[in-house]
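> Listed below, chain by chain, are the residues.
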Amino acid sequence: MARLSFPVGPQHPALKEPENLRFSVDGELVVEADIRIGYVHRSIERTCSERNYVQDLYLCERVCGICSNAHTLCYCMAVEQIAEVEIPERAQYIRMLMHEFERIHSHLLWLGVAGHEIGFDTLFMYVWRDREVMQDILETVSGSRGHYGMTILGGVRYDITPEMEEKIREGIEYLRERTEYYAKIATTETTFIKRTENVGGITGPLALDLGAVGPVLRASGVDYDVRRRFPYLKYDQVEFEVRMSEMADVLGRTLVRVHEIIDACNICEQVLDMMSEGEIQTRFPRRVPEGEAVARIEAQRGELIYYVRSDGTDVPERLKIRTPTLANLPAAQEMLVGGYVADIPITFASIDPCFSCTDRMVVLDDVSTSETTTMTWSELLELSRDR
Amino acid sequence: MRVIELTAAEVVQRIQEDYEGELTEANARSEAEAWIGVPAADVQSIARFIVDTWHPVFLSTITGNDRGEEIDVIYHFVLDAVGLNLRASVSKSVDEIDTITEDVPAAILYEREINDMFGLTINGHPDPRRLVLPEDWPEGDYPLRRTDSGDEEEEEENG
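Residue numbers (this note's numbering), protein chains in the order written: chain A, 1 to 387; chain B, 388 to 546.
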């Protein structure tokens, strides 16, 4: 039979962000898949080397709307390492809480999207309803549902009050109970299993070779969780299991994420029990001494890595970000090949892709003439005000 | 990945003892962080040495950094619980580096990104297309490569 090639995207293929996937199919089978990224490139790395460290904190938070806290955390860890600033203990615990809150809300968001992708909208509705509990907690603690602005250089912005703690404990307990129910659905509900079992498979050694990270890698049986491998904050003091699955398919990835939500709830409770009173901020110098640092954290989508090089001024010489989705793309390509056309959305969604994270650089470009247009600062201001 | 007790100092020592090429830097900054430097022409042989010695290794990413006369290419590996950062400085007069994708397939996208952003030619790359820049982006214009004139102009505009 003749092969047919067709594009999916760039307008939201399987998710509400622009990306272009190109497929060659033989009947219902995908024989080739290619991924084209770059539609939401926003020049963040370059811009960071033209702004000071405090401005960059705000910019890094805006790399991604879902893992915003993970980005500020990783950024601060890298810069604090160069400046040799040790943050107070209580700030470390609060950072951990925010880190796990974000994991809970992000994994719940993903579970809802996964339900939607396989036509199981009841699951989507229930999960997103429950996710609101976490969103309320985040709003109570930080004042915002999206960009929390909690992590700052030298500590955290706000403290956790006893009233907040009560609300967190209540919410966590509810979410754990609900998530246990979703874990049961994922393992017993025939509709769910039929659409996810043996779909989008990739073996552990191949996933590792291709540089996959996070739940994608762990669902293929590879034991790599930055929280365990390179303990940061106080992760060496809490008990949690590195969740893995040998299934290596979409179902495996679902189970890993669902169990990570339950683990995150447990971590939050342990942290609340361990937290002692104290300072939450320490003075951070405006100028950072010359040096370089690499920081890794386990963001909800997988390993996030920052490289920062400073030259002794208040502006970094170079700031490099590698987000989990970029690392997972070669693996995603591998998963799609050999699968059915109907499974494309759920397979692709199973890496929990995030493209604003992946791209980070925009181009001001006249497409018709291929000429680059450089905008001046005042032109840019004018453009943003007009809109 | 196996979990054995490997420290950065041991990684550095093993490379110093068994790797036959030249090393431009070799130190363990902490128990979990090692830094190794090699001449740019040797990246393939050191990558092969690392993969053969500690298989399977994980590549987190590749960082490019324009240092003026040369471009630093830093490969961030993970071996057990050690982050191994491998630096190769490419002189702008050479402007090319060999691919390591044969031994480290994960490098495929990151090398394309380096090519896009810094204009370094990656010799032997199996898929040397653009990664993030659009197809109609002008040839020879590399967003993260510093040029004397470009940077100064921009600074003036940004005030």
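Calculated from the structure, these hints are not laboratory results.
No residue lacks a Cβ here, since even glycine has one placed at the ideal position from N, Cα and C.
One or more hints might be untrue.
What the hints assert, rightly or not - Just a sample of chain A residues kept apart from chain B, beta carbon distances all over 12 Å, derived: (1) S5; (2) L208; (3) R287.
Said to hold, decoys possible - What follows is a list of derived Cβ distance ranges for each label pair: (4) A:E163 <-> B:E412: 50 to 60 Å; (5) A:P7 <-> B:E526: 49 to 59 Å; (6) A:K184 <-> B:N414: 21 to 31 Å; (7) A:E170 <-> B:L410: 38 to 48 Å; (8) B:E412 <-> A:D121: 47 to 57 Å; (9) A:P205 <-> B:S417: 23 to 33 Å; (10) B:S480 <-> A:G278: 30 to 40 Å; (11) B:E489 <-> A:A342: 51 to 61 Å; (12) A:E163 <-> B:E489: 52 to 62 Å; (13) B:T411 <-> A:E290: 50 to 60 Å; (14) A:Q55 <-> B:V481: 52 to 62 Å; (15) A:Y181 <-> B:E526: 28 to 38 Å; (16) A:E28 <-> B:S417: 50 to 60 Å; (17) A:A342 <-> B:D405: 43 to 53 Å.
Unchecked claim - In silico contact screen, one side only, chain B against chain A (beta carbon under 8 Å); selected entries: (18) I461; (19) H463; (20) S476; (21) S480; (22) V481; (23) P515.
> Compare the structure with each hint and give your call.
A quick look at each hint next to the structure:
1. Annotated as non-interface, S5 of chain A keeps its C-beta farther than 12 Å from every C-beta of chain B; the closest such distance is 16 Å.
2. In this structure L208 of chain A is not separated from chain B by more than 12 Å, as the shortest Cβ-Cβ distance comes to only about 6 Å.
3. With 12 Å as the threshold on Cβ separation, the claim that R287 of chain A sits away from chain B holds: the shortest Cβ distance comes to roughly 18 Å.
4. Between E163 of chain A and E412 of chain B the Cβ separation comes to about 52 Å, which falls inside the hinted range of 50 to 60 Å.
5. With their beta carbons about 25 Å apart, P7 of chain A and E526 of chain B fall outside the hinted range of 49 to 59 Å.
6. The hint said 21 to 31 Å for the Cβ distance between K184 of chain A and N414 of chain B, and at roughly 51 Å that hint is violated.
7. For E170 of chain A paired with L410 of chain B, a C-beta distance near 57 Å fails the hint of 38 to 48 Å.
8. Checking the proposed 47 to 57 Å range against E412 of chain B and D121 of chain A shows it holds: the Cβ atoms sit about 56 Å from each other.
9. Distance hint check: the CB atoms of P205 of chain A and S417 of chain B are about 29 Å apart, consistent with the given range 23 to 33 Å.
10. Our hint of 30 to 40 Å for S480 of chain B and G278 of chain A is violated, since their Cβ atoms are close to 55 Å apart.
11. Separated by about 36 Å at the C-beta atoms, E489 of chain B and A342 of chain A break the suggested range of 51 to 61 Å.
12. Range check, E163 of chain A to E489 of chain B: about 58 Å between beta-carbon atoms, so the 52 to 62 Å window is met.
13. In this structure the supplied range 50 to 60 Å is violated for T411 of chain B paired with E290 of chain A, their Cβ-Cβ distance being about 19 Å.
14. The hinted window of 52 to 62 Å between Q55 of chain A and V481 of chain B is violated, with their beta carbons roughly 35 Å apart.
15. Taken as a hint, the range 28 to 38 Å is violated for the pair Y181 of chain A and E526 of chain B, whose Cβ atoms sit roughly 56 Å apart.
16. Distance hint check for E28 of chain A and S417 of chain B: the Cβ-Cβ separation is about 52 Å, which falls inside the suggested range of 50 to 60 Å.
17. Checking the proposed 43 to 53 Å range against A342 of chain A and D405 of chain B shows it holds: the Cβ atoms sit about 51 Å from each other.
18. Hint on I461 of chain B holds. Least Cβ distance to chain A is approximately 7 Å, under the 8 Å limit.
19. The interface hint given for H463 of chain B holds, since its Cβ lies 6 Å from the closest Cβ of chain A, which is under the 8 Å cut-off.
20. For S476 of chain B, the interface hint is violated, since its Cβ never comes within 8 Å of a Cβ in chain A; the closest pair sits about 13 Å apart.
21. Here the hint on S480 of chain B is broken, as its CB sits about 21 Å from the closest CB of chain A, past 8 Å.
22. Below 8 Å, beta-carbon pairs count as interface contacts, and V481 of chain B has none with chain A, the closest being about 20 Å; its hint is therefore violated.
23. Interface restraint check for P515 of chain B: the shortest CB-CB distance to chain A comes to about 14 Å, outside 8 Å, so the restraint is violated.
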